[in-house]
Amino acid sequence: MRLSVAAAISHGRVHRRLGLGPRSRLDLLRNLVTALVRHERIEAPWARADEMRGYAERLIEYAKLGDTNERAMRMANFWLTEKDLIHKLFKVLAPRFQPHPGSYTRLLQIPNRDGLDRAKMAVIELKGNPFPPLICQRRNTEKTLLNQLLKGYREDVQRTAAP
Amino acid sequence: ALVVVFSPLPRLRGLLQRCWGRLERGFLPGFSGGQSPPWGPALALQAPAYLPQPVDDAGESNEAPSLLDSILWMAAPKKRRTIEVNRCRRRNPSKLIKVKRNIDVCPECGNLKQKHVLCGYCYAKVKAETRLIRMEINKKEGGPFNAPTVETVILYDGEKPTEKDEGKRIIERARKRPSWFVQN
Numbered sequence: 010m011r012l013s014v015a016a017a018i019s020h021g022r023v024h025r026r027l028g029l030g031p032r033s034r035l036d037l038l039r040n041l042v043t044a045l046v047r048h049e050r051i052e053a054p055w056a057r058a059d060e061m062r063g064y065a066e067r068l069i070e071y072a073k074l075g076d077t078n079e080r081a082m083r084m085a086n087f088w089l090t091e092k093d094l095i096h097k098l099f100k101v102l103a104p105r106f107q108p109h110p111g112s113y114t115r116l117l118q119i120p121n122r123d124g125l126d127r128a129k130m131a132v133i134e135l136k137g138n139p140f141p142p143l144i145c146q147r148r149n150t151e152k153t154l155l156n157q158l159l160k161g162y163r164e165d166v167q168r169t170a171a172p
Numbered sequence: 202a203l204v205v206v207f208s209p210l211p212r213l214r215g216l217l218q219r220c221w222g223r224l225e226r227g228f229l230p231g232f233s234g235g236q237s238p239p240w241g242p243a244l245a246l247q248a249p250a251y252l253p254q255p256v257d258d259a260g261e262s263n264e265a266p267s268l269l270d271s272i273l274w275m276a277a278p279k280k281r282r283t284i285e286v287n288r289c290r291r292r293n294p295s296k297l298i299k300v301k302r303n304i305d306v307c308p309e310c311g312n313l314k315q316k317h318v319l320c321g322y323c324y325a326k327v328k329a330e331t332r333l334i335r336m337e338i339n340k341k342e343g344g345p346f347n348a349p350t351v352e353t354v355i356l357y358d359g360e361k362p363t364e365k366d367e368g369k370r371i372i373e374r375a376r377k378r379p380s381w382f383v384q385n
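Protein sequences appear in the order of chains A and B.
For reference, each letter of the first sequence is one residue, going 10 to 172 in this note's numbering.
For reference, each letter of the second sequence is one residue, going 202 to 385 in this note's numbering.
There may be inaccurate statements among the hints.
Claimed, not checked - Simulated restraints on C-beta separations:
no.	chain 1	residue 1	chain 2	residue 2	range
1	B	G311	A	L35	41 to 47 Å
2	A	Q107	B	P308	30 to 36 Å
3	A	Q146	B	K340	30 to 36 Å
4	B	K296	A	Q107	54 to 60 Å
5	A	Q146	B	K361	38 to 44 Å
6	B	A375	A	H24	46 to 52 Å
7	A	P110	B	H317	50 to 56 Å
8	B	C310	A	G75	43 to 49 Å
9	A	D36	B	E337	47 to 53 Å
These aren't lab readings, by the way, just hints derived from the structure by calculation.
Don't be surprised by glycine CBs; every beta carbon is placed ideally from N, CA and C.
Can you make the complete structure from the sequences, with help from the hints?
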């Protein structure tokens with residue numbers, strides 16, 4: 010139970026405060042969402058990218074409802090400031106993510122910014138984008154060290170168990 | 202409809218009437234004498250009705266204590282901090298720089314990287330290539346606000362679009378395909 014409403018202490022408060030105020034925060038996030046839909050891979054401060062991720066995924070879920078849906082069109086109109094991206098959203102991104110149930114974006118941390126502030130930066134990208142992948146998946150072959158050791162262990166066990 | 206409610210207290214109304222009467226007779230409202238005060242041309246000022254008496258001795262006793270007096274009330278250390286106490290404060294673990302144990306070697310390029318962060322070298326490599334691809338895309342689109350309504354696929358030297366790349370826009374890059382960019 011809350012016994013005191015200390016205004017200057019922010020223990021446990023989860024909501025981030027970005028920009029100059031609530032309207033400014035929404036404008037910032039709207040610019041980032043527009044840029045993500047346009048370029049499909051964005052580099053931004055980690056806090057802003059994290060905040061924007063939820064809004065971008067909900068926008069794609071609205072786009073999946075279809076072009077003819079009035080609410081979906083109003084949402085896309087508000088969130089995308091460049092109006093040619095509304096066509097891209099409904100015609101390219103909605104069919105691309107139709108089979109996926111959720112999580113259309115990938116957020117990865119990159120080394121701190123080179124400038125004076127050394128800010129924590131992140132790269133956020135839409136899955137299925139045409140660019141080269143950021144993390145290269147290592148395929149597990151027979152020749153990796155771990156698999157060779159496991160193979161040796163399995164053979165030792167069979168040799169002791171057999172006779 | 203504008204309704205004006207004016208109900209002053211009887212005493213206030215009496216005071217106002219007396220002041221107004223005095224004004225009409227040519228007296229100052231604040232003047233308590235019987236003679237007519239000197240009325241000459243004057244500026245309309247926001248001034249109190251009476252002139253304050255110049256008081257000299259009362260002011261000096263209320264003067265704020267100067268810096269030389271207030272030094273006697275300021276906080277100051279009583280004894281010199283010994284080197285043992287100083288060492289305890291300076292070498293307390295909260296003031297020491299923490300040792301990072303989450304640094305690894307990137308399996309691709311061999312540079313150092315933090316475990317939860319992408320490798321700087323590999324990311325710079327991918328960033329340079331995406332920049333070149335985006336320049337090609339801009340050349341193809343021409344002007345601003347020309348986002349296509351079809352998917353995009355990137356082909357390098359000597360590659361043909363497969364049947365999966367049916368209705369997609371093709372971006373050509375004039376170099377050999379890098380080994381880390383696997384074609385799907």
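Hints and how they fare:
no. : hint                        : in the structure
1   : B:G311 - A:L35: 41 to 47 Å  : holds (44 Å)
2   : A:Q107 - B:P308: 30 to 36 Å : holds (35 Å)
3   : A:Q146 - B:K340: 30 to 36 Å : holds (31 Å)
4   : B:K296 - A:Q107: 54 to 60 Å : holds (55 Å)
5   : A:Q146 - B:K361: 38 to 44 Å : violated (25 Å)
6   : B:A375 - A:H24: 46 to 52 Å  : holds (48 Å)
7   : A:P110 - B:H317: 50 to 56 Å : violated (26 Å)
8   : B:C310 - A:G75: 43 to 49 Å  : holds (45 Å)
9   : A:D36 - B:E337: 47 to 53 Å  : violated (31 Å)
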